[in-house]
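When you get a sec, could you build the whole thing from the sequences and use the hints?
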Amino acid sequence: MQIEASALSVERGGRVVFADLGFRLKAGEALRVTGPNGAGKSTLLKAVAGLLPLAAGKIEIAPSCDVRRAELCHYVGHADALKPSLTACENLAFLAALLATGAARPGAAAIEAALQRLGLAAVADLPAAYLSAGQKRRAALARLAAVFRPIWLLDEPLTALDPPSQAVILEIMAAHLAAGGIIIVATHTALPIGTADLALGRASGP
Amino acid sequence: MRTMPNYANPADFLRLVRAAAPVTATITAILFGIGLYLALLDSPPDYQQGETVRIMYLHVPSAWMAMFVYVVMSSAALGTLVWRHPLADATQKAAAPLGAAFTFLCLVTGSLWGKPEWGTWWVWDARLTSVFVLFLIYLGIIALWQVIEDPGKAARLVAVFTLVGAVNIPIIKFSVDWWNTLHQSASVFRMGGPTIAMSMLWPLIFMTFAFTFLFLTLHMLAIRNEILRRRIRRLSMLAASASEAGIPAIFAEPAQ
Amino acid sequence: MKQSGVPLPSALGALLLRDLRIGRRVGGAASMGVLFFLCLVAITPFAIGPDLALLARIGPAILWIAALLATLLGLDRLFQADAEDGSLDLFLMSDTPLELIVLVKCLAHWLLTGLPLVIASPFFGLLLGLDARALEGVAASLFVGTPALTLIGAIGAALTVSLRRGGLLLAILILPLSIPILIFGVAAASGAMAFLMPFLVLCGLTLAALALTPFAAALALRNGLE
Chain A
1403 MQIEASALSV ERGGRVVFAD LGFRLKAGEA LRVTGPNGAG KSTLLKAVAG LLPLAAGKIE
1463 IAPSCDVRRA ELCHYVGHAD ALKPSLTACE NLAFLAALLA TGAARPGAAA IEAALQRLGL
1523 AAVADLPAAY LSAGQKRRAA LARLAAVFRP IWLLDEPLTA LDPPSQAVIL EIMAAHLAAG
1583 GIIIVATHTA LPIGTADLAL GRASGP
Chain B
106 MRTMPNYANP ADFLRLVRAA APVTATITAI LFGIGLYLAL LDSPPDYQQG ETVRIMYLHV
166 PSAWMAMFVY VVMSSAALGT LVWRHPLADA TQKAAAPLGA AFTFLCLVTG SLWGKPEWGT
226 WWVWDARLTS VFVLFLIYLG IIALWQVIED PGKAARLVAV FTLVGAVNIP IIKFSVDWWN
286 TLHQSASVFR MGGPTIAMSM LWPLIFMTFA FTFLFLTLHM LAIRNEILRR RIRRLSMLAA
346 SASEAGIPAI FAEPAQ
Chain C
30 MKQSGVPLPS ALGALLLRDL RIGRRVGGAA SMGVLFFLCL VAITPFAIGP DLALLARIGP
90 AILWIAALLA TLLGLDRLFQ ADAEDGSLDL FLMSDTPLEL IVLVKCLAHW LLTGLPLVIA
150 SPFFGLLLGL DARALEGVAA SLFVGTPALT LIGAIGAALT VSLRRGGLLL AILILPLSIP
210 ILIFGVAAAS GAMAFLMPFL VLCGLTLAAL ALTPFAAALA LRNGLE
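Protein chains in written order, with the numbering used here: chain A, 1403 to 1608; chain B, 106 to 361; chain C, 30 to 255.
If you're looking for bench data, these hints aren't it; they were derived computationally from the structure.
Reference listing, derived: stretches of chain C covered by chain A, where coverage requires no fewer than 3 residues with Cβ under 8 Å from a Cβ of chain A: (1) 41-48; (2) 110-118; (3) 121-133.
This one's a predicted model, so the numbers in the text were calculated from it and none came from an experiment. The beta-carbon is built from N, C-alpha and C at its ideal position, and this holds for glycine as well.
Encoded structure:
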């Protein structure tokens, strides 16, 4: 699998966030997107996820398949997509059912295993409202482990996490790459996993 | 010597409930036994209304409780705002559904009485209408309790609304009376009739006491439930933060 | 993928379950709609007087207007909550079509707010002195008509999803669109003409809303992304 973006340009609210951007990632490769606030890191991830329209350029996935790009991607943004009144387990079970594609629906065991992996087994049955910021973040990231999708788009995945939790996430990311996955991650911090870097500058006005 | 238990302390209050609830429950049962016997079997039917008059023995005590519970709730609301006491919060919260239930009972019995007497389930009579508005206020208070997540904050906000309601209820009552007399040509209905006979007064007195003790019992149990519910909530949050710190949740329980 | 243990429901089943659970736990939502409905019904006699004969004549109309307002005012959070916490992004990345997701969210919303209104309406009808025939008419017409109100309202909810105070705008957008439903709903309820004709037209309107809403709302949601 390979993802290639060329001459990407995205506009938001009439402003060009970035223009003429390109990258190519093969199976097992990761891309780290850096840049000052407002440079368009989140915008780039959302555009790749298919959540924002492209003003110009194209994103191609090879070998080509008839599945939408959005269905091949995991996107973990700033919002946790957790419902405060549901337990961590119920939240994850719903997201897994929603995001699973084709016939491969994860069972309850997969949900449990994912929560275990992220260190949330003890709080699995507590309402998400009671979880700390770090626990919520991990509950959001747990869907990476619960449902397989080849391309991961992670927006600041390590914020609000303590060093042990960060290590767990990095481990999961490394395992995904080793299994032939692709990761695009927007972050300020240097990552110990092998990444290519893409530095976004502050876009000059149109 | 052991000092006097302080019943404002939730833990002591729980102990009090454990001791007192069976006693008040027994008194309630005895009062209901006597009251219902007098009301349904012993007292004579009314010479105008016939057997329908027996509905009054439920209706009047419910109406009394509908107002009494609001007074209890308003006093607790003062306790919440002035002393910020968690027990006052629980007292307030536990009273609201009970008050709504008694008010509802009052409306339903009134409606059941109205069907044979007036030929319709409901009339916009001044007295009924005032009770109906009181019912809406109770429901509003319950809704307000439900939507605010933090119990302390909810208690203070509900307390403000309860007291605003307490000031407003007489005004509402007055306006409704005025509104109804304005339209008197449309519907004039009067409850009662001749002054009440002793044979009807006694069952009414017993039923009123039975209702009051029923409320006391249910209210105590509901306050206990509320205290326990808060404790569960607190423990759940502790369990979440304890698991974060790597302490097994079981050891994180605070000494109470 | 490990397939052991209890299999999870499909995405749509899981969504219905989730929304019903949230509605039940958060409380408010379901009971609040009915309470608002009751307040509207209760307030009308103060405006027009306690004459039961008059109230009985316009009762079906009062109940219908109250149901209309109670439905619309509860709808502004239909998609907004999911948009704010990022769930909407994930809906778009699912292999389940957004049109079906919209439909299931409408179903959950109707079960939580519309159905209680239908069940409560005969009891509230008693307050307005409706007779048994009119009570049946109101309940039957609301049962068929409120789904259409929820569905059309969902289009408004999708259009105003990113607006901070979309509630009033939603009502402004949707009230004119719901006029046909109101006309035939009240006609069926009050029995001014024969019950069946307006009732069948009402069924037709609901089916049309069922066919149209998912596409319109999904289109609005896709275009409202930011």
